[in-house]
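**Q** Chain residues, written in single-letter form:
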Amino acid sequence: MPTSIPKEELMAPGHTACHGCGATLAMRYVLKAMGQKTVVSVPASCWAVIPGAMPFRTLDVPMVYTPFAATGASISGLREGLDIQGKTDYNVVGFAGDGGTADIGLQGLSGAMERGHNVFYIMYDNEGYMNTGVQRSGSTPYGAKTTTTPVGKERDFKKENKKIVADMMIAQNVPYVATATIAYPEDLIRKIDHAKAVHGPKFIQILAPCPTGWYYPPEKTIEISRLAVQSRMFPLYEFIQGKFYLNKSFKPVDVSEYVKAQDRFKHLNDDEIDNLRKYVDERWNQLLEWEKIYSEQKE
Amino acid sequence: MKSVTEFKTIMTGNDAVAYGAKLARVKFISAYPITPQTTIVEKLASMIANDELDAKYVEVESEHSALAAVFASELTGVRSYTATSSHGLLYMHEMLHWVSGQRLPIVMSVVNRAIGPPWNIWADQSDTINQRDTGWMQVYSESNQEAMDTIIMGYKIAENSEVMLPLMSMEDAFILSHTSEPVTLRDQDLINEYLPDLDLKFRIDIGNPMGYGSYDTPDGTFMELKKDMVDSMKKAVRVIKDETEKFNQMFDTNYGGLVERYRMDDADYALIAMGTVASTARFVVDKLREKGLNIGLIRIRYFRPFPYDDILEDLKNIKAAGVIDRSVSFGYAGATYSEIVSALYGKINIPVSSFIVGIGGRDVRIEDIEKIADTVRNESSGVYWINVKKVI
Amino acid sequence: MVLVPVSTVSTRNHPTDSWRIQRPTIQYDKCIRCMICWKYCPDNAIEIENGDESAPNERIAKMEYPVINYSFCKGCGICANECPEKCIDMEFEVIE
Numbered sequence: 066m067p068t069s070i071p072k073e074e075l076m077a078p079g080h081t082a083c084h085g086c087g088a089t090l091a092m093r094y095v096l097k098a099m100g101q102k103t104v105v106s107v108p109a110s111c112w113a114v115i116p117g118a119m120p121f122r123t124l125d126v127p128m129v130y131t132p133f134a135a136t137g138a139s140i141s142g143l144r145e146g147l148d149i150q151g152k153t154d155y156n157v158v159g160f161a162g163d164g165g166t167a168d169i170g171l172q173g174l175s176g177a178m179e180r181g182h183n184v185f186y187i188m189y190d191n192e193g194y195m196n197t198g199v200q201r202s203g204s205t206p207y208g209a210k211t212t213t214t215p216v217g218k219e220r221d222f223k224k225e226n227k228k229i230v231a232d233m234m235i236a237q238n239v240p241y242v243a244t245a246t247i248a249y250p251e252d253l254i255r256k257i258d259h260a261k262a263v264h265g266p267k268f269i270q271i272l273a274p275c276p277t278g279w280y281y282p283p284e285k286t287i288e289i290s291r292l293a294v295q296s297r298m299f300p301l302y303e304f305i306q307g308k309f310y311l312n313k314s315f316k317p318v319d320v321s322e323y324v325k326a327q328d329r330f331k332h333l334n335d336d337e338i339d340n341l342r343k344y345v346d347e348r349w350n351q352l353l354e355w356e357k358i359y360s361e362q363k364e
Numbered sequence: 307m308k309s310v311t312e313f314k315t316i317m318t319g320n321d322a323v324a325y326g327a328k329l330a331r332v333k334f335i336s337a338y339p340i341t342p343q344t345t346i347v348e349k350l351a352s353m354i355a356n357d358e359l360d361a362k363y364v365e366v367e368s369e370h371s372a373l374a375a376v377f378a379s380e381l382t383g384v385r386s387y388t389a390t391s392s393h394g395l396l397y398m399h400e401m402l403h404w405v406s407g408q409r410l411p412i413v414m415s416v417v418n419r420a421i422g423p424p425w426n427i428w429a430d431q432s433d434t435i436n437q438r439d440t441g442w443m444q445v446y447s448e449s450n451q452e453a454m455d456t457i458i459m460g461y462k463i464a465e466n467s468e469v470m471l472p473l474m475s476m477e478d479a480f481i482l483s484h485t486s487e488p489v490t491l492r493d494q495d496l497i498n499e500y501l502p503d504l505d506l507k508f509r510i511d512i513g514n515p516m517g518y519g520s521y522d523t524p525d526g527t528f529m530e531l532k533k534d535m536v537d538s539m540k541k542a543v544r545v546i547k548d549e550t551e552k553f554n555q556m557f558d559t560n561y562g563g564l565v566e567r568y569r570m571d572d573a574d575y576a577l578i579a580m581g582t583v584a585s586t587a588r589f590v591v592d593k594l595r596e597k598g599l600n601i602g603l604i605r606i607r608y609f610r611p612f613p614y615d616d617i618l619e620d621l622k623n624i625k626a627a628g629v630i631d632r633s634v635s636f637g638y639a640g641a642t643y644s645e646i647v648s649a650l651y652g653k654i655n656i657p658v659s660s661f662i663v664g665i666g667g668r669d670v671r672i673e674d675i676e677k678i679a680d681t682v683r684n685e686s687s688g689v690y691w692i693n694v695k696k697v698i
Numbered sequence: 003m004v005l006v007p008v009s010t011v012s013t014r015n016h017p018t019d020s021w022r023i024q025r026p027t028i029q030y031d032k033c034i035r036c037m038i039c040w041k042y043c044p045d046n047a048i049e050i051e052n053g054d055e056s057a058p059n060e061r062i063a064k065m066e067y068p069v070i071n072y073s074f075c076k077g078c079g080i081c082a083n084e085c086p087e088k089c090i091d092m093e094f095e096v097i098e
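Protein chains in written order, with this note's numbering: chain Y, 66 to 364; chain X, 307 to 698; chain F, 3 to 98.
By construction, these hints were calculated from the structure, which means they are not laboratory data. On a predicted model such as this, the values are computed, not experimentally measured, just so you know. Heads up, none of these hints are tricks.
Each computed SDA-like pair below joins lysine to any residue, with the alpha-carbon atoms no more than 25 Å apart:
id	chain 1	residue 1	chain 2	residue 2
1	Y	K102	X	R509
2	X	K507	F	V8
3	Y	K152	X	A351
4	Y	K97	Y	E251
5	Y	K72	X	N514
6	Y	K102	F	R14
7	Y	K97	X	D511
8	Y	K152	X	N514
9	X	K507	Y	G151
10	Y	K325	F	K88
11	F	K88	Y	E251
12	Y	K316	Y	D346
13	X	K532	F	V11
14	Y	K325	F	G79
15	Y	K102	X	L504
16	Y	K308	Y	L352
17	Y	K316	F	A82
A few chain X positions that, by computed beta-carbon distances, are all more than 10 Å from chain F:
id	residue
18	M353
19	V543
20	R567
Stretch by stretch, here's where chain Y covers chain X in the computed footprint (C-beta under 8 Å, at least three residues):
id	segment
21	380–389
22	393–406
Cβ coordinates follow ideal geometry from the N, Cα and C atoms, glycine included.
When you get a sec, could you build the whole thing from the sequences and use the hints?
**A** Here's what the structure looks like:
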């Protein structure tokens, strides 16, 4: 039986990711889609630790480690350096976490996308600083408990909504923008194939559930990734050269199903879950609106 | 014998530096504008736009990104270049360590400018002195010609297989960067003979996939990697001397290695300076020699690696020395002074004074250096601020 | 020459079996060879092999089948959780 995703493995076993790590699956799928002619740049993040200490490497493609804020600029330099040598067929891939993208690396990301380098920027979104011990990031959703938004007596969980970098990239008119998640690797790989056909900057935000920081059992990673889409907490969309496609083909579930599967939301009462429900509805309506606006524009 | 096409022209220090980068055949340039560095990268952008230079120029959105982009392009095996000043250099600080730690022989120009607050765009070496411990070689030029030639020599030295450390090449703001002087443009064929193409042994290669800069543990090789950088800095001393001598022979120049000496052979007293202050000091030395004072000048070219052995040799028959710094370490004295007294400690016991001059571009006048010489002649030791107004 | 911080040894030389508390076992006589376990393994510890006799029927017997590489399996349990036939058992490792 043919497998639904490419068999080629460019991420070796033996890495040191946590049990049930979603970010690891994200890398595995991204490399399957990219193929062997790929160079990856990774800032400070879980992925700076997953390959293990020197002298180990876990990718079968070159991987450049950079400081936290340097992903956007480093992929710019890699792309231009390779192009100067005629290596225009190499894929240059930035692979950064949500802290490295939504927070400290946002300026570098925006700059790289604006300059139009022919690069991929993959944001693997585990909704917090998981490598440093589960602190809040701009990409942490409303309601989540983190080590810097502890619930405590004051119910001090994160009160602000998630900053959605992919939406910002659409606002910046990046030629290819998509969201994806690891429960749907076929969709993710198809999106990278679409992105490959675009010459210029490409941005893909991949929701990568994290058992360690979302406080759920490791075997539930795929389930939770799927629930994120079904509950519309993490809608999947594609923005290709000004056209916007929203993925609506899934069995919808209530936000509470997503929330109750993870202990990071355990403390939320019904009113608070309702806040999330409202947020999810509003965002969904906004995305439907975008779909309309962007399709009208192109006709 | 090849025909040599060198020609003399007049240009600013920043233009000279841009021509230095062009002669060094840089392939990738990334920068972010900051006064007084701007005219270097403007010139390079214009050379590329006019097909005079075959390179890619990318203006990024910050200095941190400029050095990150240059780091990455150099890692692909392409000779890369950037330039900055002052706050821009400070913003690069993290990447400075990343470049040297990855052993990338990048050359960067720094136009020395003061650090705020308050804002100040004039000459002051505090910006690069701040970066002393980043693992970069540091050279201070005294003329536009030297600034140009140092870029070329810089790549040759940095890319030496025993060195493999980045190099920053300094000009004092405005005094060199925006002042025109006669400069000889070197012959490209001769430069090509002197400086071969970059051959980065560990460049990115999909046929040999490696991790570049992954984490290392206390029991791994982290400590050894850092020690190797120090060892390479030591080996660089010999390489700098050899490569400078080779350059002198090929281009009929007369650069010192790590230091340059002026009337030191029979001197009783020594002034030590770095950058353009040395030009004024040289003038004062001549003036005082006419009056019968046996005084000489040591101009520090390389602050890293620091010329400890040269200094020991040069000061062995000296009665007293004065170290002139266009920077200050808050809470102590001038940075060069600290290095000099550390070099002398336990070997040569003479009075040495620290003189802080020209902070924030304050003019360093002939009478200031004369005053310094006078203090040195009195064989005193201390820390002196020169030409400071009474404000409170 | 200088020391350069590059990593060259593949983690294929770095077994992670000591991380495992629970051990997945595939019941091949029930396995329909859908490869979902392979697809979702974050440790890349499930390999694809050719043909197997203990298949539920003749058609499936000719198919490629998943084999868990216990040198690398960390026992996260995603495979068992996602298996549509529920034919992967998770059992605690026994230290003898």
